[in-house]
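In the order they appear, the protein sequences are chains A and B.
Note that the numbering used here has the first sequence beginning at 1, numbered continuously upward.
Note that the numbering used here has the second sequence beginning at 1, numbered continuously upward.
Hints should not be assumed to be uniformly reliable.
Any copy, or any two copies together, can satisfy a pair, since identical chains are not distinguished.
[Stated by the list, open to error] With a straight-line cut-off of 30 Å between C-alpha atoms, the simulated DSS-like cross-links for lysine-lysine are: (1) K300 x K134; (2) K158 x K297; (3) K232 x K300; (4) K297 x K308; (5) K308 x K158; (6) K158 x K296; (7) K232 x K158.
Everything labelled a hint here was simulated from the structure, so no lab data went into it.
There are 2 protein chains.
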Amino acid sequence: MPSETRRFLRACRGLPVDATPVWFMRQAGRYMAEYRALRRSHSILALAKTPALACEVTLQPVRALPVDAAILFADILLPVEPMGLRLRFSPGPEILDPVRTERDVARLPGAEAADGLGCVYEAVRLIRRELAGKVPLIGFAGAPFTIASYMVEGGPSKNYERVKALMTDRPDLWDRLMRKVRAVTAAYLKAQVAAGAEAVQLFDSWVGALSPEQYRRGVRPHSAWVLAEVAKTGVPTVSFGTGTAGFLEDFAAAGGDVIGVDWRIDLDAARRRLGKRPVQGNLDPVLLFSGRKALKKAVKNVLDRNGKRNGHVFNLGHGILPGTPVARVREAAAWVHELSAR
Amino acid sequence: MPSETRRFLRACRGLPVDATPVWFMRQAGRYMAEYRALRRSHSILALAKTPALACEVTLQPVRALPVDAAILFADILLPVEPMGLRLRFSPGPEILDPVRTERDVARLPGAEAADGLGCVYEAVRLIRRELAGKVPLIGFAGAPFTIASYMVEGGPSKNYERVKALMTDRPDLWDRLMRKVRAVTAAYLKAQVAAGAEAVQLFDSWVGALSPEQYRRGVRPHSAWVLAEVAKTGVPTVSFGTGTAGFLEDFAAAGGDVIGVDWRIDLDAARRRLGKRPVQGNLDPVLLFSGRKALKKAVKNVLDRNGKRNGHVFNLGHGILPGTPVARVREAAAWVHELSAR
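Could you put the whole structure together from the sequences, leaning on the hints where they help?
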């Protein structure tokens, strides 16, 4: 493997690199014409569950953009199906059997549910073969809170009333639910690694809805358990959350070799608070809609705030938005390399 | 005025109080049966623009709850009408003439638009008379960023693409827009004070969508200008924003006697970062749906994190949600007094 293909994995370990590695959350997706073409004949779930299609979608951005990692194409809610829940997209995700009672929780399977995701592991094997060492492949899963919040609310939520009520009023039941979710999540990630994923990211997309107290009490132990389990495989782990600026130290205390932050905090402030821990981030995805000059300045600003420290993986603060011009994404990735070349 | 009616104003100045003052954002609103009864025959805008009705709605929570302040009932978007824009609720707010071009901005009036809000000043006079010194009256306005984001997007937004594009690609035009909005905002708040408001709150409800850089460059100077103008009146100012944990020092640098924070940061961490500045907050409004025991514990946790420091106004981290049980709100306010009594 020529040295530049190792940039991402080296940065995850805090090692020196020839240029800052870059990949983008949702780098495979609706903003790309190639993806939209496939979506005309396949549902999101069909794309995610058919290994050849998931492989094709995963590779689209690797062909189109100078990114330093591929990320498995899948939906964070895939594991709820082998957990016995019906999942539908209409067009947002909907769980038709929300989990709210003692009985609902008792009925959920344990780690063995991850065995039901063989299509994902097959996709990982295919992608590794197709990538042929060009760039490393990142596997991923939703973090226990984000998955559990979908399971309890039945879909996306504005205020998370139901899941917070469960955490607050039934901490025992919440704990039982989280133990089941975390067992499946860890088994799912370990199976991705066994199939060939060279790093994994745990996405806690909605954790920023919580107070630090709620996070520490009801979430951190479970995220920590997953990250510790996956760490045993030896691949680097990225722990990503949005809206974590108020409790970044607590979030980092859950583990993860790399901490992913959104754009709501200056990268240098995040690095100061995280000590020597590698970080990933943190360009506002909306800036990819800007003109070239403004975007280049914004990319430079993120790099400048990291300064000469090792252990920076360039990324957005959240996923690429539909409608983002592909040319801007390509330029942003190229500028990361150009402006950070040692 | 007996001493306990001064709790709120004293806490805003960082002075000792007999018990921690409490009020709730959206303490007048949909969760109260009295409010819903009025809404059956009047639109939101009719309630806000008819002084007798705005007065009645403002007083409803003061009668029902042991709160230490009344807050004017109005909608933060009222000033866009005298600025020449058509406002509609369907049911969320919609601005039918979004402001996006040079011409749109040039056409906007200046501070004189605030003269068109006489109905609000009349409501303030009525409320002061009715309150008869029972508790102080807080006036309010949306902060320039929040108002401008509605004006540019045409309504609420998920990703704020348009307003961020304007800030990033046309900083000159953004600056002109913000100067117009800030002029109206300051004049509007000063007129509320002249009519009798004894404190004012500037609501920057959506400022948490920004990066610290975007905030410092495009927003802080304008919020600072408004807060400095209003400070000249001598009444205390509360500067409230959600999602500010990543740039709380920058947010506080804009001014305000009291800094309002949401629940996404521990109150003690906020106080450490804000030095001696009084703070307002920060119970998660969703916790008002919890059982009594859990809620009391959560109220105590906020008070404990403030500890013995002066200069704490108890509030939620954002507005009371529709469907919140009134009994819980009443108990929460009573517990604040009981648990903090000196």
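Hint by hint, here is what the structure shows:
no., hint, verdict
1, K300 x K134, "within (26 Å within a copy, 55 Å between copies)"
2, K158 x K297, "between (33 Å within a copy, 24 Å between copies)"
3, K232 x K300, "neither (36 Å within a copy, 40 Å between copies)"
4, K297 x K308, "within (18 Å within a copy, 46 Å between copies)"
5, K308 x K158, "neither (39 Å within a copy, 34 Å between copies)"
6, K158 x K296, "between (33 Å within a copy, 24 Å between copies)"
7, K232 x K158, "neither (36 Å within a copy, 38 Å between copies)"
When held up to the earlier numbered hints, the structure conflicts with 3, 5 and 7 and fits the remainder.
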